[in-house]
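Chain residues, written in single-letter form:
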Amino acid sequence: MAKVLMDGNSVIGEAAIRAGCQCYFGYPITPQNELTEYMATHLARRKGCAFIQAESEIAAINMVFGASLAGARVMTSSSSPGMSLKQEGISYLASCELPAVIVNMSRGGPGLGSISASQSDYFQATRGGGHGDYRTIVLAPSSGQELADITHRAFDLADTYRIPVVILGDGVLGQMMEPVEFKHEAPEELPVRTNALRGAKGRPSRIVKTCTSNPSEMEELNWSLYRRYQLVREEEITYETFLVEDAELIVVAFGIAARIARGAIKNARANGLKVGLLQPITLWPFPSGKVEELANRTKCFLVFELNMGQMVEDVQLALNGKGEVFFYGRPGGVISTPSEVFRVISRHYYQRGLKQERNGQGI
Amino acid sequence: MSVKGYIEINQELCKGCQLCIAFCPKGVLALSDKLAASGYTPVSFTDAGECTGCAICATVCPEVAIEVYRG
Amino acid sequence: MDKVYSRPRLLKKTHFHYCAGCGHSIIHRLVAEVIDEMNLQDRIVGINSAGCSVFAYNYLDIDMAESAHGRGLAVATGLKRASPETIVFTYQGDGDLAAIGTAETIHAANRGERITAIFINNAVYGMTGGQMAPTTLLAQQTTTTPYGRDARLEGYPIRVSEMLALLKGVVYVERTSVDSPANIRKTKKAIRKALQVQLDGLGFSMVEILAACPINWKMDPLESWQWIGKEMTKEFPLGVIKDITGQADAD
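Chains as they are written, first to last, in the working numbering: chain E, 1 to 363; chain W, 1 to 71; chain Y, 1 to 251.
The shape of chain E in the complex, shown without the other chains (with noise of 0.2 Å):
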């Protein structure tokens, strides 16, 4: 199909809806209200769909529990400070292993913070995010071609391994208008999953929990997460990479500063400088065995974060002292250029004294 030019919380509208996305139920939060106002318009008032626009944060994620209860393929979104009033209900998703797709376009933070793109819910997103020991799957796009490809995986992955999914964006990617190719139809009818919750029908009444009297069966159900995840972290863990075969020096990024960062490094390997990038795709499960497979070659990592450093530690956790890790980050909604990062990576390079391309050639 042809490309369209839409802003990135539409697209993921528009890609959720062709991903047979049943229910929606946001509460409005700058920057990601387009997406609200994309699912009011065209979610709506399709055939067997909800739309609703919540009390709350907190009742939105109550609304998404309840349609995952239903068998619903169900979606919210938020910003920060929003994402923080879901986590309780995020961990009892997590807990009844209810699939769901939570956006996060970050702002700022902490506290109400700015309206401008952040980082800073990488540990947030990473960690399970609320009480007890969870995770999420996160996946972190970093263009509109890859918020709609990745929305659409969202619903798959959390279908297949009944388990939330949270897609970090942030608020550039929110706003900033892109031609994205749809490579999917709505579906004619909707998913049901085969252990929703509508009535004991022809069946044994079924019960969904996360409250026992009994530590063994938290301990069994805390097990039987772990091995999911660890299944998880066989099949599912995803990246980019960009000029690493000979790279001196590589990037780690994510999200918007993966784009920022691509620009630097065209910047550096115009000047002779061999750089590359790693860009995780998925957060949750961390690429560490690339992280790791690329360190035999290249002994400098630079982490570029908009934040005050969160995703550097799962690099230095990976590398396991493997190679050298630098950060560089601007937290608040303070947008880094490609020069800036650039200059930030030729000064590495050079204190490091790595190797440079004689007659440097542009790319």
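Among the clues, some could well be false.
[Stated by the list, open to error] Residues from chain E that keep clear of chain Y, each with C-beta distances beyond 12 Å, as calculated:
{"id": "1", "residue": "S216"}
{"id": "2", "residue": "I237"}
{"id": "3", "residue": "V244"}
{"id": "4", "residue": "R262"}
{"id": "5", "residue": "L354"}
[What the hints assert, rightly or not] Negatives, chain Y to chain E, calculated, CB over 10 Å:
{"id": "6", "residue": "G112"}
{"id": "7", "residue": "T128"}
{"id": "8", "residue": "Q141"}
{"id": "9", "residue": "T143"}
{"id": "10", "residue": "P146"}
{"id": "11", "residue": "E154"}
{"id": "12", "residue": "I158"}
{"id": "13", "residue": "R159"}
{"id": "14", "residue": "R185"}
{"id": "15", "residue": "V240"}
{"id": "16", "residue": "T245"}
[What the hints assert, rightly or not] Derived coverage of chain Y by chain W (criterion: at least 3 residues anywhere in the stretch with Cβ under 8 Å from a Cβ of chain W; other residues may be distant):
{"id": "17", "stretch": "1–12"}
{"id": "18", "stretch": "176–184"}
{"id": "19", "stretch": "219–232"}
Worth flagging that the hints you see were computed from the coordinates, not collected in a lab. For glycine and all other residues, C-beta sits at the position ideal for the given N, C-alpha and C.
Use these hints to put chains W and Y onto chain E, whose structure you have.
Leaving out everything else, chains W and Y in the frame of chain E:
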């Protein structure tokens, strides 16, 4: 001809709350003189031919411990 | 002789963990009877809540799901919107529905969601050991109002039913109690009517049921049942608070 009734109280479910004793219009119920295995003192049916099977006891019994017969 | 009363079919064969004389036990039984009589077990889902009745699913033999504390009516909303043919009810206590869940309660009612709330009002937080509830009476002693509820510091008890009746989406609200055979029978009728309102697609329905909490009121069971009639009904009058089922049209 008056209606006759008869009830059975499950001694394992009864918690001895005595609500049935309070609401029984015929006074055919009383606390048992034995402790149940649960640690509660259950209620027993003392019927002296007065029970009419009105089922008020079963209506107020929180434990659903009472089955009522009438005939 | 014929057996005229035995355990309802939809009440699992297990003993209740509730205290002797607790209102939950009575109400669970009524819910089980009504669902069976209305033949709804194939298409009904109960949403229970945090509180003593968090284990309601151990007793009612229907599909049930636990909701986060206070969020039952949001969960029920999501379920009903995703599966409109399913009959959905919540079973919530006074903390769940009227403290932490106030926003979800008001807005589900305001949207006229075709769901039913069964609201157990025992004027105290039972499970956590007897703290003040939004419906605790003035001068009532609880573990967090050891000197008695003082209006200046703790506000007044909330009449949730009257409050919700102001909302147009609310079609039927009745307040009953489970403190005597007659009132228990009235409660059963009210629960039945509330579910019928949902079956007819008319709007939001709720039954507020005054129930005893003997242990936390520090009374024996009979005393606690009598306290409902003597004291609670002064603050929370029994009866139909709102019924516009005659005027509301089914969708």
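A quick look at each hint next to the structure:
| no. | hint | in the structure |
| --- | --- | --- |
| 1 | S216 | 17 Å, holds |
| 2 | I237 | 31 Å, holds |
| 3 | V244 | 44 Å, holds |
| 4 | R262 | 40 Å, holds |
| 5 | L354 | 52 Å, holds |
| 6 | G112 | 12 Å, holds |
| 7 | T128 | 14 Å, holds |
| 8 | Q141 | 29 Å, holds |
| 9 | T143 | 22 Å, holds |
| 10 | P146 | 29 Å, holds |
| 11 | E154 | 24 Å, holds |
| 12 | I158 | 18 Å, holds |
| 13 | R159 | 21 Å, holds |
| 14 | R185 | 26 Å, holds |
| 15 | V240 | 27 Å, holds |
| 16 | T245 | 24 Å, holds |
| 17 | 1–12 | holds (count 9) |
| 18 | 176–184 | holds (count 3) |
| 19 | 219–232 | holds (count 4) |
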